[in-house]
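K.L.:
Residues per chain are reported as follows:
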Amino acid sequence: GAVVSQHPSWVICKSGTSVKIECRSLDFQATTMFWYRQFPKQSLMLMATSNEGSKATYEQGVEKDKFLINHASLTLSTLTVTSAHPEDSSFYICSVSQGANQPQHFGDGTRLSIL
Amino acid sequence: RKEVEQDPGPFNVPEGATVAFNCTYSNSASQSFFWYRQDCRKEPKLLMSVYSSGNEDGRFTAQLNRASQYISLLIRDSKLSDSATYLCVVNPAGTALIFGKGTTLSVSS
Chain A
5 GAVVSQHPSW
15 VICKSGTSVK
25 IECRSLDFQA
35 TTMFWYRQFP
45 KQSLMLMATS
55 NEGSKATYEQ
65 GVEKDKFLIN
75 HASLTLSTLT
85 VTSAHPEDSS
95 FYICSVSQGA
105 NQPQHFGDGT
115 RLSIL
Chain B
130 RKEVEQDPGP
140 FNVPEGATVA
150 FNCTYSNSAS
160 QSFFWYRQDC
170 RKEPKLLMSV
180 YSSGNEDGRF
190 TAQLNRASQY
200 ISLLIRDSKL
210 SDSATYLCVV
220 NPAGTALIFG
230 KGTTLSVSS
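Quick note, the sequences are listed as chains A and B, same order.
Once you know that position 30 of the first sequence is 34 in my numbering, the rest is easy, because the numbers rise by one and skip nothing.
Once you know that position 98 of the second sequence is 227 in my numbering, the rest is easy, because the numbers rise by one and skip nothing.
Treat the hints as calculated values from the structure; they're not laboratory data.
The beta carbon of each residue, even a glycine, is placed where N, CA and C say it ideally should be.
Take every hint as true, because none was put in to throw you off.
Listed next, the in silico DSS-like pairs over lysine-lysine satisfying Cα-Cα at most 25 Å (straight line):
hint: 1; chain 1: A; residue 1: K70; chain 2: A; residue 2: K45
hint: 2; chain 1: A; residue 1: K45; chain 2: B; residue 2: K131
hint: 3; chain 1: A; residue 1: K45; chain 2: B; residue 2: K174
hint: 4; chain 1: B; residue 1: K171; chain 2: A; residue 2: K18
hint: 5; chain 1: B; residue 1: K171; chain 2: A; residue 2: K45
hint: 6; chain 1: A; residue 1: K24; chain 2: B; residue 2: K174
hint: 7; chain 1: A; residue 1: K45; chain 2: B; residue 2: K208
hint: 8; chain 1: A; residue 1: K68; chain 2: A; residue 2: K18
hint: 9; chain 1: A; residue 1: K45; chain 2: B; residue 2: K230
hint: 10; chain 1: A; residue 1: K24; chain 2: B; residue 2: K171
Here's a subset of chain A near chain B, in silico, CB distances under 8 Å, partners left out:
hint: 11; residue: F38
hint: 12; residue: L50
hint: 13; residue: Q108
hint: 14; residue: F110
hint: 15; residue: G111
Could you put the whole structure together from the sequences, leaning on the hints where they help?
P.N.:
Below, the structure is given as structure tokens:
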């Protein structure tokens with residue numbers, strides 16, 4: 005069965021809208037979750053590491069004020085794309101890991117299209 | 130040098146063929162290695178971890194050469210359902226993963 009649940013799977017909205025994406029760990033408590041973004045024909049790129057109860061760690065070039073991450077519980081992390089623009093259109097995927105050097109399990113992904 | 134490099138393909142093979150994918154990584158301190166499979170417009174799914182001693186899972190065999198910083202995946206007796214993009218994934222340290230761009234495989238009847 006699924007280890008990670010991500011919602012919504014598809015979002016289409018107007019430019020300037022803020023979009024919230026939820027990522028839930030179903031099988032275990034996750035102190036750390038990861039948010040990735042994938043543009044067409046590109047590799048997955050880590051955006052940020054979400055830490056339960058503390059601030060997220062953002063990768064270089066990722067605007068923390070634009071991509072708000074909240075990890076309020078051990079099973080839920082949310083990513084909010086604030087004031088989204090067409091260039092933010094992408095495939096956003098979250099993942100969880102059971103520990104260092106362990107494989108990550110991915111959510112189904114959210115396909116975001118900004119008109 | 131890119132952190133994880135793969136031949137993008139596409140590899141077009143007939144059913145039953147054996148196909149091999151290669152991957153190189155730049156960080157010699159990398160600790161763990163994986164192959165993921167990604168179908169079109171879907172999330173990546175773990176295919177197998179890669180161990181120094183080499184490991185096999187059915188028709189799939191993975192090899193790791195730490196000295197050459199090289200990882201391989203061999204698929205025997207290819208099936209139509211094997212058509213996908215195969216992602217070489219490296220964990221340099223801790224828990225963040227570095228993904229290659231993927232190698233596309235197309236198996237035809």
